[in-house]
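Peer 1: Those protein sequence lines, which keep their order, are chains A and B.
Each residue of the first sequence is one higher than the one before, counting from 4 in this note's numbering.
Each residue of the second sequence is one higher than the one before, counting from 83 in this note's numbering.
The hints are simulated quantities; they were obtained by calculation from the structure and are not laboratory data.
Do not rely on the hints blindly, as some may be mistaken.
Residues on chain A that point at chain B, a partial pick, calculated with CB under 7 Å [to be verified]:
# : residue
1 : G38
2 : F122
3 : V135
4 : S281
5 : I288
Over the 12 Å line for every Cβ pair with chain A, so calculated as not near, a few chain B residues [as the list claims (entries may be wrong)]:
#  : residue
6  : T139
7  : Y143
8  : R144
9  : Q151
10 : Q154
11 : F156
12 : L165
13 : P277
14 : I279
All figures in this text were calculated on a predicted structure; none of them were measured in a lab.
Virtual Cβ for every residue (Gly too), placed ideally from N, Cα, C.
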Amino acid sequence: MHFNPKQFLRNIPLHFMILPGLVLIIIFSYIPMAGLVIAFQDFSPISGFREITWNGLDNFCYLFELPGFRQVVWNTIFISIMKIAAGLTVPVIAALLLNEVRINGFKRSIQTIIYMPHFFSWVILGGIVVDVLSPSSGIVNMVLKSLGMQPIQFLADNNWFPYILVITDQWKEFGFGTIIYLAALTSIDQSLYEASIIDGAGRWKQTWHITLPGIRPIMILMLTLSLGNVLNGGFDQVFNLYNPLVYESGDILDTMIYRIGLQEAQYSVSTALGLIKSVVSFAFIGFGYYLAYRFAKYRIF
Amino acid sequence: MHHTSHAYRWFLRCNYVILTVIAILCLFPIVNILAISFSSSAAVNAGSVTLWPVDFTLSSYRYMLQNHQFIQSFVTSLLRVVLGVSVNLLLTILVAYPLSKEAATFRSRTAYAWIFVFTMLFSGGLIPGYLIVKEMGLLDSVWALVIPGAVPIFNVLLMLNFFRGLPKELEEAAWMDGAGHLRTLWSVYLPVSLPSIATVTLFSLVGHWNAWFDGMIYMRSPEHYPLATYLQSILQQVSLQTENVTFEQAAMLNKVSDRTTQAAQIFLSIVPILAIYPFLQRYFVHGLVVGSVKG
Chain A
4 MHFNPKQFLR NIPLHFMILP GLVLIIIFSY IPMAGLVIAF QDFSPISGFR EITWNGLDNF
64 CYLFELPGFR QVVWNTIFIS IMKIAAGLTV PVIAALLLNE VRINGFKRSI QTIIYMPHFF
124 SWVILGGIVV DVLSPSSGIV NMVLKSLGMQ PIQFLADNNW FPYILVITDQ WKEFGFGTII
184 YLAALTSIDQ SLYEASIIDG AGRWKQTWHI TLPGIRPIMI LMLTLSLGNV LNGGFDQVFN
244 LYNPLVYESG DILDTMIYRI GLQEAQYSVS TALGLIKSVV SFAFIGFGYY LAYRFAKYRI
304 F
Chain B
83 MHHTSHAYRW FLRCNYVILT VIAILCLFPI VNILAISFSS SAAVNAGSVT LWPVDFTLSS
143 YRYMLQNHQF IQSFVTSLLR VVLGVSVNLL LTILVAYPLS KEAATFRSRT AYAWIFVFTM
203 LFSGGLIPGY LIVKEMGLLD SVWALVIPGA VPIFNVLLML NFFRGLPKEL EEAAWMDGAG
263 HLRTLWSVYL PVSLPSIATV TLFSLVGHWN AWFDGMIYMR SPEHYPLATY LQSILQQVSL
323 QTENVTFEQA AMLNKVSDRT TQAAQIFLSI VPILAIYPFL QRYFVHGLVV GSVKG
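Looking at chain A on its own, in the form it has when it is part of the complex (with noise of 0.2 Å):
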C-alpha cells in the first residue's frame, strides 16, 4: 500500500473524530495500566508517587499467605463455572420452548416479561432478593413454613449462598440470554423440517437432529467467549447479597480487591491482587476468543 496523499486529505477529519474518545480513554483506561506498577511497590496513599519505595514481589507473596485466599480463588472459579454452566443450558431451554409457540402476543408477552429483570440493579435485585428470602417475613419462606417446613437461612447459610448466587443470576440473564438463541433458531433453513417430516420425523426428532445442531455453533462460541469471566464471579451481585455470616462459600476475588483496597487501604497489595487476576482473565479471554476465531470464525468487529 503506497501512501496516497488525495486519501490522507480526505481522512483527517476521521482522526479528528476519534480524537475525543482516543484521549479519553488514554488517560481513563491506559493511564491505570500504567498505575499497575504500584502492585510492586510499596504505595502509601498519602505520599503518593512522590516517594516512592519498590518492594518486588512482596505484595503478591503477601497475598498468598493471606489466610482463606485460596477459599477465595476457589469460590471464584466455582460460582463462575455453575453461572457459565447455567448461562449456557437455561437460555437455550427457555429459547426452545418459545420457538414453540405460534400465538405471537403470548410470545412477546412472554419476552417483554424474561428481559425486564435485566435492565434492573443488583442494588434493586438485591434490595427485593434480600426481602423476599427473609428467613423472618421472606415470601419464600412463608411458604415453605404453610407447608409445614422449616424456614432456611438462604441468605446466611454457606451451603445455600453460591447455589442462590446462580439462580438469582439466572432470574436477572436467562432472558436477556435467550435472544441471540431466538435469533439463531430463526435462522435454521426451514426445508430442513419439510424434508424430516416427509421422512416421517415428529416434534422431538426434529428438535434433536435439526433444531439443536442448527444452534450448535452460536452455543460453542457463547461457551469459548464466556471462558474470560472465569474469574469473574459478578462483584455488584456478590456485594448486594453478602455478610459476614457467607464470606467462607461468598468472597470473591473481586470483593476481596475491593475489601483490601478501599476499606483495608492496601492500595499496593489490592493493585497485586487486580494485576494477577487481570493477567489470568486476559490469558483466558485471549483463548477464548482464538479458538472462537479457530472453530467459528468469529471477529470482535
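Starting from the structure of chain A, add chain B where the hints point.
Peer 2: Positioned in the frame of chain A, the structure of chain B alone reads:
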C-alpha cells in the same frame, strides 16, 4: 410444521403452562415488593402481603417524597443520565464511524480499533482507576460519574457493526454529491441508524441510571450520591450493623427496619426504567442481534 400429533398438542398445552409459570416466577418478587410498598406496616409485619396490597396506603410514598436525601439523589441521577447519555452517544458515534471504514480507505483504522478493543480485554483495575480520577480532581463531582466511562466500547462495537452493514452505495452517492465525512455521517448514516441509536441509548441510559459503585467510591459526601448509590447505602445499612453479630440479632434488626419504605424506594427507583422500557424494547432486540451476530 402442520403435522400435529396428539402428543405434540399435549406438549403445546404444557409449554404454554410452563412458560406462563416461568414468567410469573420472574415477575413475582417484583410484584411482591410493589404490594409491600402499598401496604400498611402492620399488615406487612404480620406477613399477610403476597401479590396484592393489604390495607392500601400511600404513606410510604408520601414519606419518601418528603425525604430530602431521596429527592436530592433522584435529581443527581437525572443530571447524571442527561450528561452521561449525551456524552456516551456523541462519542460512540464519533468513534464508531471512522472505525467502520475499510482498512483500505482508512489506513489507521486497524491500529485505532485495537487500541479501543484492548481496553475491553485488560484493565488497570480498581485502585489505579480510582487514583487517576482522584488525580484529575474529579472526586465529589458529577463528572466523575460521566467522564471515566465516556466511551462505552461495547456500544461502539454495536454501532460500528451496524454502520458496516449499511449499503456502500449510500456513502458513494453522498460523496458524489460533494459531501465530506461529517456531512455523510450526519445526513446519510444517522437518519438510517435510528434502531441502533435507540439501542445504544437504552443501554447507556440504563447503565447510568443503575450505576452505584462509582457513586460510592468517587462521592465523598452522601449528599452527592446518585439514587442507586443512596439506595445501596440504605439497603446495606442492616448488614453493615451486623458485622460480628449473630444471625438472630441480624434477623431482629431486619424486622425493625421499615420494609414498606424500602419497598417504596426500590419501586420509585425503577419507575423511570419501567417507563422507557416499552418504547425502546422493540428496538433493542433487533439492534442487538444486528450488532453482535454476523452472517
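Peer 1: Confirm or reject each hint.
Peer 2: Against the structure, the hints come out as follows:
This hint holds: G38/A has a C-beta 3 Å from the nearest C-beta of chain B, less than the 7 Å allowed. Of the supplied interface hints, the one on F122/A holds, with its beta-carbon coming within about 5 Å of a beta-carbon of chain B, less than 7 Å. For V135/A, the shortest C-beta to C-beta distance to chain B is roughly 5 Å, which falls under 7 Å, so the interface hint holds. For S281/A, the interface hint holds, since its Cβ comes within 7 Å of a Cβ in chain B; the closest pair sits about 6 Å apart.
The beta carbon of I288/A is positioned within 7 Å of a beta carbon in chain B (closest approach about 5 Å), and the interface hint is therefore held. For T139/B, the shortest C-beta to C-beta distance to chain A comes to about 18 Å, beyond the 12 Å cut-off, and the non-interface label holds. For Y143/B, the non-interface assignment is confirmed: its Cβ lies about 16 Å from the closest Cβ of chain A, beyond the 12 Å cut-off. Interface exclusion of R144/B from chain A stands, the closest Cβ pair being 20 Å apart, more than 12 Å.
At roughly 16 Å from the closest C-beta of chain A, the C-beta of Q151/B stays outside 12 Å, upholding its exclusion from the interface. For Q154/B, the condition that its CB be more than 12 Å from all CB atoms of chain A holds, with the nearest at approximately 17 Å. Here F156/B stays apart from chain A, with its beta-carbon at least about 14 Å from theirs, past the 12 Å limit. No Cβ of chain A comes within 12 Å of the Cβ of L165/B; the nearest lies about 14 Å off, and the non-interface call holds.
At roughly 14 Å from the closest C-beta of chain A, the C-beta of P277/B stays outside 12 Å, upholding its exclusion from the interface. With a minimum CB-CB distance of about 16 Å to chain A, I279/B clears the 12 Å threshold, and the non-interface call stands.
This entry satisfies every hint, going by the numbered hints stated previously.
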